Amino acid sequence: MYSRALTKIQALILIIVVVVAIVAAASWYATSVQKPVVKEVKVGVIMPLSGPVAEFAIHTRRMVEMLFEEYNAKGGIKSLGGAKLVPVWADDKGNPSEAVSEVERLITVEKVSVIFGAFTSGSTLAIAAVCEKYHVPLVVMTAFSEEITRQGYKYVFRPHVTTTPYVNYMMEFVIKKLKPKTIAHVYENSVWGATNAKVSKAWLEKNAPDVKIVLWEGYSRKPPIDLTALVLKIKEAKPDVLLVSSYLQDAIVLMKTMYELDCYVPNIIAFGAGFTDPKFIKEVGKLALGVFVACYSNYDNPRPKAQEVIKAFYNKYGYWPTGDALAAAQDFQVLVDAIERAASPDPEKIYEALRNTNIPEEEGILYPVKFDEHGDNIYAFSYVTQIQLSKEGKLEWFTVWPEKFAVRSITTPLLPYEERLKDP
Amino acid sequence: MEGVFLQILLRGVLVGGVYALLSVGLTLIFGVLDIPHFAYGDIMMLAMYTCFWLQFFTNMPLFPLLSIIFPLYLLVGFIIYRVIVSRLMEKPALSKILFMVGLSSFLQGLALFLWSADTRFVKSELEGLYVTIGEGKISLTYIVNFIAAMVFFLGFYIWLQRTFMGKAIRASAQNRELALATGINIQKVFLISFGIATAMSAVGATLFAPTYYVGPFVGIELTLKSFMIIVLGGLGSVEGALIGGLIIGIVEAFSSYFLSSEVKELAALIIFMGILLFRPKGLLGKEVKE
Amino acid sequence: MMGNKLVSGEKNYWLIVLVVLVILPFVAHSPLLHHLAILVFLHIIISEAWNLIGGYAGQISLGNAVFFGLGAYIPALLYLKLGVNLWIGLLIGIAVSVGLSVVIGYICFRLHGVFFAFATLAVAEVFKLIFIIRKDITQGPMGITLPYRGESILEMSFASKLPYYYLALTFSILSILTVYCVSKSKLGYYLLAIREDETAAKSIGVNTVFVKIIAFILSAILNSIAGFLYITYIRYIDPYVAFGLNISLIQALLTIMGGAGTVWGPVLGTLVLIPLLELFRVYFATLSGVNYMLHGLLLMVIILLRPQGIISLVEGFKRWLKS
Chain A
0 MYSRALTKIQ
10 ALILIIVVVV
20 AIVAAASWYA
30 TSVQKPVVKE
40 VKVGVIMPLS
50 GPVAEFAIHT
60 RRMVEMLFEE
70 YNAKGGIKSL
80 GGAKLVPVWA
90 DDKGNPSEAV
100 SEVERLITVE
110 KVSVIFGAFT
120 SGSTLAIAAV
130 CEKYHVPLVV
140 MTAFSEEITR
150 QGYKYVFRPH
160 VTTTPYVNYM
170 MEFVIKKLKP
180 KTIAHVYENS
190 VWGATNAKVS
200 KAWLEKNAPD
210 VKIVLWEGYS
220 RKPPIDLTAL
230 VLKIKEAKPD
240 VLLVSSYLQD
250 AIVLMKTMYE
260 LDCYVPNIIA
270 FGAGFTDPKF
280 IKEVGKLALG
290 VFVACYSNYD
300 NPRPKAQEVI
310 KAFYNKYGYW
320 PTGDALAAAQ
330 DFQVLVDAIE
340 RAASPDPEKI
350 YEALRNTNIP
360 EEEGILYPVK
370 FDEHGDNIYA
380 FSYVTQIQLS
390 KEGKLEWFTV
400 WPEKFAVRSI
410 TTPLLPYEER
420 LKDP
Chain B
0 MEGVFLQILL
10 RGVLVGGVYA
20 LLSVGLTLIF
30 GVLDIPHFAY
40 GDIMMLAMYT
50 CFWLQFFTNM
60 PLFPLLSIIF
70 PLYLLVGFII
80 YRVIVSRLME
90 KPALSKILFM
100 VGLSSFLQGL
110 ALFLWSADTR
120 FVKSELEGLY
130 VTIGEGKISL
140 TYIVNFIAAM
150 VFFLGFYIWL
160 QRTFMGKAIR
170 ASAQNRELAL
180 ATGINIQKVF
190 LISFGIATAM
200 SAVGATLFAP
210 TYYVGPFVGI
220 ELTLKSFMII
230 VLGGLGSVEG
240 ALIGGLIIGI
250 VEAFSSYFLS
260 SEVKELAALI
270 IFMGILLFRP
280 KGLLGKEVKE
Chain C
0 MMGNKLVSGE
10 KNYWLIVLVV
20 LVILPFVAHS
30 PLLHHLAILV
40 FLHIIISEAW
50 NLIGGYAGQI
60 SLGNAVFFGL
70 GAYIPALLYL
80 KLGVNLWIGL
90 LIGIAVSVGL
100 SVVIGYICFR
110 LHGVFFAFAT
120 LAVAEVFKLI
130 FIIRKDITQG
140 PMGITLPYRG
150 ESILEMSFAS
160 KLPYYYLALT
170 FSILSILTVY
180 CVSKSKLGYY
190 LLAIREDETA
200 AKSIGVNTVF
210 VKIIAFILSA
220 ILNSIAGFLY
230 ITYIRYIDPY
240 VAFGLNISLI
250 QALLTIMGGA
260 GTVWGPVLGT
270 LVLIPLLELF
280 RVYFATLSGV
290 NYMLHGLLLM
300 VIILLRPQGI
310 ISLVEGFKRW
320 LKS
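Chains as they are written, first to last, in numbering that gives the first Met the number 0: chain A, 0 to 423; chain B, 0 to 289; chain C, 0 to 322.
Accuracy of the hints is not assured; some may be wrong.
When the alpha-carbon atoms are kept at most 35 Å apart in a straight line, the in silico DSBU-like pairs for lysine-lysine are as follows [to be verified]:
| # | chain 1 | residue 1 | chain 2 | residue 2 |
| --- | --- | --- | --- | --- |
| 1 | A | K41 | C | K185 |
| 2 | A | K197 | C | K80 |
| 3 | A | K200 | C | K80 |
| 4 | A | K175 | A | K393 |
| 5 | A | K403 | A | K176 |
| 6 | A | K390 | B | K122 |
| 7 | C | K160 | A | K348 |
| 8 | A | K153 | A | K211 |
| 9 | A | K255 | B | K90 |
| 10 | A | K304 | A | K285 |
| 11 | C | K134 | A | K205 |
| 12 | C | K134 | A | K178 |
| 13 | A | K175 | A | K197 |
| 14 | A | K348 | A | K393 |
| 15 | A | K153 | A | K348 |
Read the hints as simulated data drawn from the structure, not as lab findings. Computed from a prediction, not measured in an experiment: that's the story for all the values here.
Whenever a hint applies, use it, and build me the whole structure from the sequences.
Printed below as a string of structure tokens:
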């Protein structure tokens with residue numbers, strides 16, 4: 000046994016030490032090698048690609064895919080001699096925990112220069128902390144809640160409109176044009192819905208204290224979504240105007256349940272989201288006739304830059320882009336504008352460029368862009384649309400507010416169910 | 000207000016009937032094979048996905064689907080028993096539980112891998128048709144599915160009472176040693192029991208699917224629900240599964256009227272814990288095996 | 000029983016391993032490696048925790064996530080809402096977990112086998128639901144974020160992973176030592192007796208409920224520490240992760256795979272499975288579900304073929320070495 004030069008145990012230890020040494024050396028080498036000329040700038044794109052929100056996020060996803068393709072086709076990043084803008088996709092499955100670990104991976108493993116995401120307010124809020132920690136700028140894609148930009152983070156930028164201005168425009172419309180005496184709000188209970196509820200309630204208490212709040216309740220989106228109890232409460236509360244914060248599936252369930260339980264309200268106005276999805280109209284049909292839908296923007300937006308994007312989307316995919324998709328287009332514009340000005344894949348330089356963003360009126364897709372101390376765009380605003388019958392008899396959204404952008408006048412109140420569902 | 004009360008009660012009963020069918024398989028497996036079938040719900044999940052894909056490609060309505068699902072999952076049950084479960088029978092309880100937990104994880108991963116985390120929906124061809132009861136409407140789907148569930152349940156019950164195999168199964172559940180002594184082929188009993196239980200649960204899942212959703216993680220919820228029902232009704236008792244199912248269905252219907260969905264689940268769990276602690280043999284069960 | 004010994008003749012080798020682990024982050028700079036190591040240490044803590052109650056005492060708890068979740072939420076909420084120092088919050092969290100483990104243990108240990116398993120599972124679900132429902136206190140399903148406001152030890156916020164690495168390493172060594180001490184003590188002896196035959200143990204005068212609760216308390220403390228490390232490292236948690244079945248199951252899986260009821264079993268299980276799962280997740284992020292399939296398959300295979308766990312393979316290997 001001892002006549003061997005090395006005992007088995009010693010041999011084993013030697014092997015282990017050698018392996019560890021090789022691993023250490025390899026990882027040292029991998030992290031120290033310098034990269035040559037900049038051929039690409041990597042953007043970490045995180046959003047729901049699968050899971051319960053994916054169905055609804057797909058329009059935004061298609062818009063983002065299209066924009067990346069077009070940008071590279073038109074010559075890539077010009078200030079870096081045509082370097083490619085490379086999207087590194089990650090799926091958060093609509094889940095903030097997933098989002099956090101995916102963004103960690105994007106930053107530490109994929110070494111992206113900037114993060115673009117995450118569509119849902121819940122995930123975006125969670126990843127903002129991670130981006131701040133690593134000093135990697137986050138350009139918010141579509142996510143709405145102002146919580147995201149009220150954490151005191153420096154590295155978070157949101158070009159599209161956020162809760163407070165949106166609520167201002169929307170509620171002004173409600174009070175001026177619909178003149179309710181009683182009002183109710185039902186909302187899904189994640190960050191998005193809960194923030195909507197909080198901000199809109201505060202607005203009412205400050206600006207329209209005479210309007211009576213008869214119901215202000217959140218519900219869970221955990222499947223199977225059963226809103227029976229909620230609808231019965233709405234029926235009992237009898238509001239003049241019903242505010243709704245719903246994603247797609249719950250929007251469909253809500254409208255159908257209200258019909259099933261014979262719950263009629265004179266006016267319904269939705270915080271965009273599910274109500275802007277073409278599938279919504281497809282599923283509930285004429286039940287949606289006359290419903291008001293506040294949104295980031297409609298596809299009848301007359302701004303020339305907006306029309307460019309809208310038409311490109313229609314030509315590629317065969318249908319009009321949703322408000323979320325258009326918001327993402329505005330976000331993308333700011334993202335590439337900053338990268339061009341930074342002329343570098345260095346996250347700090349991109350951060351500086353984002354800070355100094357100043358996109359003028361005629362260039363901005365939805366509006367000019369300049370950031371305040373929170374990272375929100377001081378020029379952003381929102382619209383209100385109404386679902387009406389087009390000339391061809393199809394159900395579509397038409398912008399009705401602000402008045403200077405309105406393409407049609409409003410019809411109020413909603414028709415009773417039998418009339419709504421009648422064939423014209 | 001009575002209109003609403005009746006509507007809720009009716010809803011509860013209609014769903015409860017389907018629950019009974021969902022869970023009767025588990026009570027059989029517990030009673031006869033003494034296996035804590037943690038993956039029970041996950042096999043139901045597979046059945047629901049089977050429905051979804053069959054519908055996706057052939058647009059088949061629900062009832063013809065059943066005629067495929069039943070024999071298919073009978074076969075699946077036989078195969079799972081033969082290949083996997085039979086090796087488990089002599090192992091200690093710890094191993095049985097952990098193995099089934101492993102199977103459950105595996106099936107969830109498989110579903111996630113093959114079909115992604117997107118939620119899917121199985122459609123009933125009766126979608127959009129309502130029956131007016133009092134002040135509200137009840138979807139026809141609930142009513143028809145309840146009737147179908149009861150038909151299957153009754154059929155199963157009669158089979159257990161009247162046929163030789165059924166009696167053999169019942170005998171084995173009562174007292175395995177005695178059954179063996181009378182010359183019953185116990186392996187065959189196990190095989191048939193597991194197969195029938197799987198098929199029943201698959202049919203139950205199919206009837207349940209239109210009012211729920213299909214996703215890779217539905218299994219755990221269904222396993223927990225089934226377990227709650229059979230503990231309430233009494234392990235090993237078929238009649239207990241019916242009573243347990245109806246009670247849970249009614250409790251759920253009423254609590255979803257008054258409480259948010261999370262509070263409703265919380266209430267159900269607390270009731271469940273109460274039963275486990277104070278009356279583990281349930282309403283109609285026999286002694287509790289340790 | 001060999002896996003229980005820290006054989007004195009081999010002390011030098013353990014020292015070498017320790018030194019390697021301590022200097023590793025300075026030699027290998029990859030953040031991915033640090034991240035993997037931190038995850039391994041975290042999982043060693045929770046699997047050793049499960050080992051005490053599931054491995055030694057033979058009680059299949061599927062609800063250990065309760066203590067993990069409390070260990071994460073309590074310090075974080077106290078810090079966010081009341082400005083309480085995170086470390087003090089940890090002590091409070093541990094105290095709450097200990098108290099709850101006594102209550103839950105006292106209630107649940109009346110049940111056995113699958114009933115006990117389901118009962119503990121139900122308890123974890125109850126906590127999950129409570130944390131979702133009481134949004135006013137816990138922010139509900141949106142979860143809580145520990146913000147990053149610059150480097151601080153008191154706030155446990157660091158941009159580099161190194162501090163987390165060393166903290167996790169320290170606590171994982173602590174957890175291994177805890178199980179080692181238990182295994183050598185009377186407590187360990189009683190636990191094994193209970194696992195073999197509880198009625199027999201009772202008949203020779205062992206106060207089985209008391210003994211099980213002690214093991215449960217230790218298990219709870221370790222889980223809470225792991226929860227604390229989790230949230231200070233990841234900076235975000237929600238009720239689904241904190242009290243979810245995933246956490247409860249993985250502790251059981253790692254222990255069984257490695258070898259339940261042995262000191263090094265959980266460590267082995269963790270070393271084999273966790274890097275595999277995490278690397279899979281990082282490099283094959285698009286192939287979702289494969290993680291679960293791997294878990295499940297490994298668990299099934301181990302149960303069928305080698306229920307004593309990987310450690311029995313290691314023992315066999317050691318014997319071959321000595322030949």
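Now for the hints, and whether the structure bears them out:
1. Between K41/A and K185/C the alpha-carbon distance is near 59 Å, which puts this suggested pair outside the 35 Å criterion.
2. Annotation: proposed proximity of K197/A to K80/C holds, straight-line Cα distance about 19 Å (limit 35 Å).
3. A distance of roughly 23 Å separates the Cα atoms of K200/A and K80/C; the hinted pair therefore holds under the 35 Å criterion.
4. Between K175/A and K393/A the alpha-carbon distance is near 28 Å, which keeps this suggested pair within the 35 Å criterion.
5. Proposed proximity of K403/A and K176/A is supported: the alpha carbons are some 14 Å apart, at most 35 Å.
6. Distance check on the hinted pair: K390/A and K122/B sit about 33 Å apart at the alpha-carbon level, within 35 Å; holds.
7. At roughly 24 Å between alpha-carbon atoms, K160/C and K348/A fall within 35 Å of each other, so this suggested pair holds.
8. Proximity of K153/A to K211/A is assessed by CA-CA distance (about 39 Å); at most 35 Å being required, the pair is judged violated.
9. Simply put, K255/A and K90/B have alpha-carbon atoms about 51 Å apart, too far for the 35 Å limit, and the pair is violated.
10. Distance check on the hinted pair: K304/A and K285/A sit about 32 Å apart at the alpha-carbon level, within 35 Å; holds.
11. Simply put, K134/C and K205/A have alpha-carbon atoms about 25 Å apart, close enough for the 35 Å limit, and the pair holds.
12. In summary, the hint linking K134/C to K178/A is supported, as the alpha carbons are separated by about 33 Å, within the 35 Å threshold.
13. Only pairs whose Cα atoms come within 35 Å are accepted, and K175/A paired with K197/A is accepted, the gap being roughly 21 Å.
14. The straight-line distance between the Cα atoms of K348/A and K393/A is roughly 49 Å, outside the 35 Å bound, and the hint therefore fails.
15. Among the hinted pairs, K153/A with K348/A is consistent with the structure: their alpha-carbon atoms are about 14 Å apart, no more than 35 Å.
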